[in-house]
Structures are given as C-alpha cells and as structure tokens.
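For reference, the chains in residue letters:
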Amino acid sequence: MPLTQAATLERLRSDILRLQGLAPAGDGVPALDLGVINKAFPNHTFPTAAMHEFVSATAEAVTAASGFLSGLLSSLVGNTGTALWITGPTLLFPPALAAWGLQPHRFLFLRLTNHKQALWAMEEALKSPALTAVVGEVRDISFTESRRLQLAVEQSRVTGFIINRSRKAGTTACVSRWRITSLPSVPIDNLPGIGFPRWHVELLRIRNGKPGAWEVQWRNDHFIYPTENQPPATNDQQPFQQAG
Amino acid sequence: MSKRFVSIWLRYLATDWFSLHQPERKQHPFVLRSLSHGRMIVTAANAQAEQNGISKNRALADARALVPGLDVADDEPEKIQRVLAKLAEWCIRFTPCVALDPPDGLWLDVTGCAHLWGGEERYLNDIIHRISARGYQVCAAMADTPGAAWAVARYAAQPGVVPPQQHVQALLPLPPQALRLEPAITERLHKLGLHRIQQFINLPRASLRKRFGVPLLQQLDKATGQEWEILVPIRPIEPYQERLPCLEPIVTATGIEIALRQLLENLCGRLRQEQKGLRAAVFKGYRVDGKTEHISIATSRASRQGVHLFKLFELKIASMEPGMGIELFVLEAPVVEDLLPAQEKMWKASGGWDDERLAELVDRLATKVGSGVIHRYMPAEHHWPERSFAKAASLEEEPSMAWRTDVLRPLYLLPIPQRIEVTAPIPDYPPMLFRYREKVHKIVKADGPERIEQEWWLQQGQHRDYYRVEDEEGNRYWLFRLGHYHDKTFQWFLHGYFS
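Each protein sequence line maps, in turn, to chains A and X.
Numbering-wise (our numbering), the first sequence opens with residue 20 and increments by one.
Numbering-wise (our numbering), the second sequence opens with residue -4 and increments by one.
Same shape as in the complex, but just chain A:
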C-alpha cells in the first residue's frame, strides 16, 4: 500500500520536525510568505514559534537587520498582535516603525544595557503567550543562553528574534542565522535621491533547510523578492566584519 506508506513517512517527517522545535504555528498566527526565500525553509514555510538570530556588528548592520525584521514583523504582528522589543543603549525610534506598516503603540520597549537582565527579560517575555513576537538586542549570546530561549518558545509558540551585536558570533541553538547588509537603494522612476531600501539577505544557517542569499527590496509596504529564474545574488559585498 504505497499511499499509506507515503502518508506514514510524511507523518514521521513532521514528527521529527516537531521534536526539533520546528512545529507548525498554532491557530491565529498568520503564515509568513517570504516569496522565493520560502524554499529555503523546512516545509517551505517560515518557522514561527522558533528563535531566529541576526548577526550584525555595526550600527549600520543593526539598522539593516532591524529594517528587514520590521518588514517580517509587519505581517506577523499586524493590527492585532503585540510585540516586545528589548533595545540596548541606542534608541529605536518608535515613529519610524510606522513606515514599515507597523503600529508602534503595539510594541512594548524595554531599554536594558545589562546583558543578564536583558536575557532574563527576553526569556520571561518569550514564555508569555500574550505576545506575538519578541525582539532582543544582545551582545555575544552563548549557546546555553540561546538554548534556554529556544526551549521557552517551543512551549509558548511565540516567535523570537535576536539581534546579535558581536563580531564573532559563536554557535547558538537558534533555528536560523541571518545576516543583512544594506545595498544601494533602488531609484524610483530614475529620479535622483534615495529610493526604496534594498538589502543583501543571507540565510547563513537554517535547521533542516537550505541556506542561501537573496536581494530583497522594501517597497511601500511589502517585500519585493527576486524572481524564480533570477540567479541568487552573489556575495560581492564586503564581509560584514569590515562594513562599519
């Protein structure tokens, strides 16, 4: 009975994924459609209820990561959810989030400079199912610390994001690791001046998926992905360690 066999295999695969912390999102959490990037993820869906890590060493890189992240959050949080953002010494400018289709008053901001306090607060927040997403800016997170966060989200089904401000990011227990670097903006109708923001999005590591690199634009209120046929962007940018 080949059909049952295939079904059994499929069920076993999803069981393995769930045991690895990549269970499908619960009800009410909107699926995140990332166009061509979807193919990199297991099951071709963005893993919600998991930890994602963005490595960025400089202020410019942090901003680029935050921009891409805001784009992700705009479809994740939307007009009903709530999110918590733990910022470091720099000030995330709340009114700017409105340009990413977010409502800044749906965010709680925590300004913590103490590493231990920030991680404690992040873990507490991740344990609370009342939130849709939690973003934490930390410096040099260790494997054990990230493992605690990952275990917390597996219980509560909250999606967590870490912006790791370190030059040499070690191994973490996060499901994915991203690196976002700014690219020159796309001119609007060949007019002078700054156009739509564009990034070089690198998915360095993804559990049970295929890492890759893409060029992504933000136009008004949505991402523009490269088309299917277009070859993946080559990594002609400078390494991020020297980007600042």
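In case anyone wonders, no lab produced these hints; they're calculated from the structure.
Beta carbons are placed, not taken as given, at the ideal position from N, Cα and C, and that holds for glycine.
Some clues are possibly wrong.
What the hints assert, rightly or not - Reference excerpt, derived from the structure (chain X facing chain A, CB under 8 Å, subset only):
(1) Asp350
(2) Leu360
(3) Trp398
(4) Arg404
(5) Phe493
Position chain X relative to chain A; hints supplied.
Just chain X now, with coordinates in the frame of chain A:
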C-alpha cells in the same frame, strides 16, 4: 528643633455624639445614664444640663428633681471610645502622629506641620473649625509638651497657642488638676491652700516628694518637659490585611513561601468576594528579635490572581533575612481597586492589550528590572524628532492620532546627535562626504533638505536642516545642519540610521 504638641479636648464628646442625629437635643438639658451599684447615675451631661447644676456622677433621680422632663439616654462607653478612635484616624489629615487620650481627648504631635497651614494660629484654628463642623464642641491648645498642652486646653481661660519655650509660664496660673493628678493629691493640695501651680512649682522637690509622693513630681516634670512623655501613635488599620502567626519561628525560604501562599489565598478569596483587585501589596515578616522584614510589589492592573502575585513576590523573597526566625507574617494591600469579573470570551483572542497575561508579564518585568525601563509610546503632535513621541501612561491607552507616515524617519535615532565633519559644495546642497569616528563616508545619493524649526514656545535655539544620505556601501544616514549656511556658525551632526 523643639517639639510641638496639640491637645484636643472634646468636652461633651458623648452627648455631642448622641446629639448628632437629633440636633434638637443640644437645645435642652440632656444626660446619659448608666447603672452603678444598683442605682442610675449620670455619666455625661451636655452644656445645658451643666448650666442647670447637673454634673457627672450625680444620681439620675437628683438630676430629674433639678430639671423636670430631663432628656435621658443610655450611655454606651465602648461605642464612644470607637468614635474617639475614628476621630483620631481622621486627624491624620493634620499630622501623621496622633495619639489617643481617653476618655475624651486626643494628642497630636505637630512638630513641623504648622507651616503647611501658614502658621500655628491658623493651624489650630483649622483643627478647631473642622472638628466643630463635625458637630463636636472642642477646646484645643498647642504647647511644647503634651502635658502643658493638655493643661492649657482644659484649664486656661483662653486656650490657644502657647509660644515656644513659654509653656511653664502658661502653667503657673492653672489649678493643680491641670497636672493630671490623682483626686486625692489635688484634694490635699487644695486643703493646704495650694490652689495654683505657681504656688508650689518652686518648692523644694524633697519636701514635695515627702508630702505628696513621687507622682506629683513626675506629672510636674512631664508638664514642664523635664521628663519625656511617650505618646503611642495610632496606626490606621489596613482594610485589606491578612495575618499568619507561627507556632515556631520560621527560618527557611520554603517556610516563608508556604506562609505567603496561604496569606495570598486568603486575601485573594476576600478580594474575589468583594469584586476587587489589588494594585500594590506589602508582605511583612516580624522577626523574633523585634525587627521587621518587608517586601513590596506593585501591579500594572488590578489583580487577584494568587499564582501571579506569588510569582511577583517570589522574585524578592531572597531579600528577606529571617535572622533568628520570623514569628508573624502580615500581608497588606494598601492600594485596592474595583475589578469586575471579565466576561467569558466566545473565542480566544490573543495579543490584545487587555490580555490579562500581558499585564502579568509587565508586572514581572517591572518587579525585576524596574518599571523605569519599560515603555510604550504614543504619537505626539510635534515636528521636532525627539518630541514626536510620548510615553504612554498606561497599558490601556490608545493613540489619539495616527502615526505619521508621510515623513521618513530613521529606524535608529542617536539619543544625542553626534558631531561630524562635512564637505558640502554649494550652500543648501547635501554634503559630498562626511567623516564620523575616523571613517570617511562618500555620499552617493541624497534627499533634502527638510527644515525643522525649533518649537520656540518650548525651547530656544537654531533650526535644523535634515538630509537623508546614502554612502557608497549602501548605508543610509540622517544628517542635519544646525543653523544657516551663511551664518558661518553652522555645525553638522549625524542623528540617525536608516535601514
């Protein structure tokens, strides 16, 4: 700073209280009676009755003979003492330290309070005026010692404020009863012709002690301030309080947790019955050696969830030092608000600001890291970037206006704009390159200027011309020039990062 005390004498406390609901009783003689040794005696008489010669401790039959048709009611001394205690609690509006002076008086330690009312005279007049307004006849005096204030309030011809350091002079013309002596001693003093304090205050102490005993000297010293008189201030009872005495002193954290759980369960049960929730709570442990350990929590929204409140306390239990052991636990809720049970939701909506779990999360975070670092922001009607958002007052607050999306703002704003060196070709053109922290950024694309003027009604200064620029690497920045280009005094700053 010398101490100051006020003594309040409610001369007709009992009859005044009985007249509160029947004001016509004040107009004619009215007495209270109680049974003593098989006959009715008068225990309190109002001013009208006293004028007719009825005094305390007379037989009721005699009083009836003096005033036919006398109005009489049964005395309730315990109730009157409760009235006095209530009045004492109310007097905390004047000073934090109020002591009872049974049967019909109050003491107020008013050191450092009078200036808030604009002087001692006005302070005392306010006390008299407000207590009179409640329907009680009142005499009050202020002096340097409780004893002197007591004496002046009751026996002086003109009770009032005795100026500092002059309380002894004020005592001199008063009769010996003003020293709060036993009736036997005052009787003996009068028999010897000592009708005024000035007649015996300067007599040798040894002979005073020999003739009248130690109590006279003690009372004299208390009135003059030689001996310190201890007032026991009343403590208003927290309406929401739970107590747990322990048979054996508790020394372990587990023991404290068990006690806390039990107290929370009782308190939350009571709050649930009364449809209330607490906003602040204090957990106190009274130690065997007399010290008190206490930890307190606050919640962002009224709560009566025992589990949640326990979690908040749990973060702080480690800071309690049991020492030799804690013998009494007290849980108080000083701030309580109405909390109606939420209606059962037909569907489970997660993520709203009214979500109970969110408030609980905020409480936990605030208890651990302090509430000063948790913010929620609302749009504000200002163009100046630093003022274009405001902190929200509560979790429930909703924005009164929409967030602006017509102007582009950087995702990261530097708290303090950083000085940069700039090369700009033509006035009012965006710069060609800028140097920040030893790194030169060559500008490829730029937008601007966007001029933002100072809000002169809030702050004086120069306007800012903002430019959005992009360097060769594709990083985008927000720069501004402070001041006019042709003023030669302008400066360039980096103020933010665009994504």
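Okay, the hints, checked on the actual structure:
Satisfaction of the interface hint for Asp350/X is found here, the shortest Cβ-Cβ separation to chain A being roughly 4 Å, below the 8 Å cut-off. The beta carbon of Leu360/X comes within 6 Å of a beta carbon in chain A, closer than 8 Å, and the hint placing it at the interface holds. Using the Cβ-Cβ criterion of 8 Å, the hint placing Trp398/X at the interface with chain A is satisfied: the shortest such distance is roughly 4 Å. Interface restraint check: Arg404/X against chain A, minimum CB-CB distance 4 Å, threshold 8 Å, status holds.
The interface hint given for Phe493/X is met, as the beta carbon of that residue sits about 7 Å from the closest beta carbon of chain A, less than 8 Å.
In terms of the numbered hints stated before, the structure departs from none.
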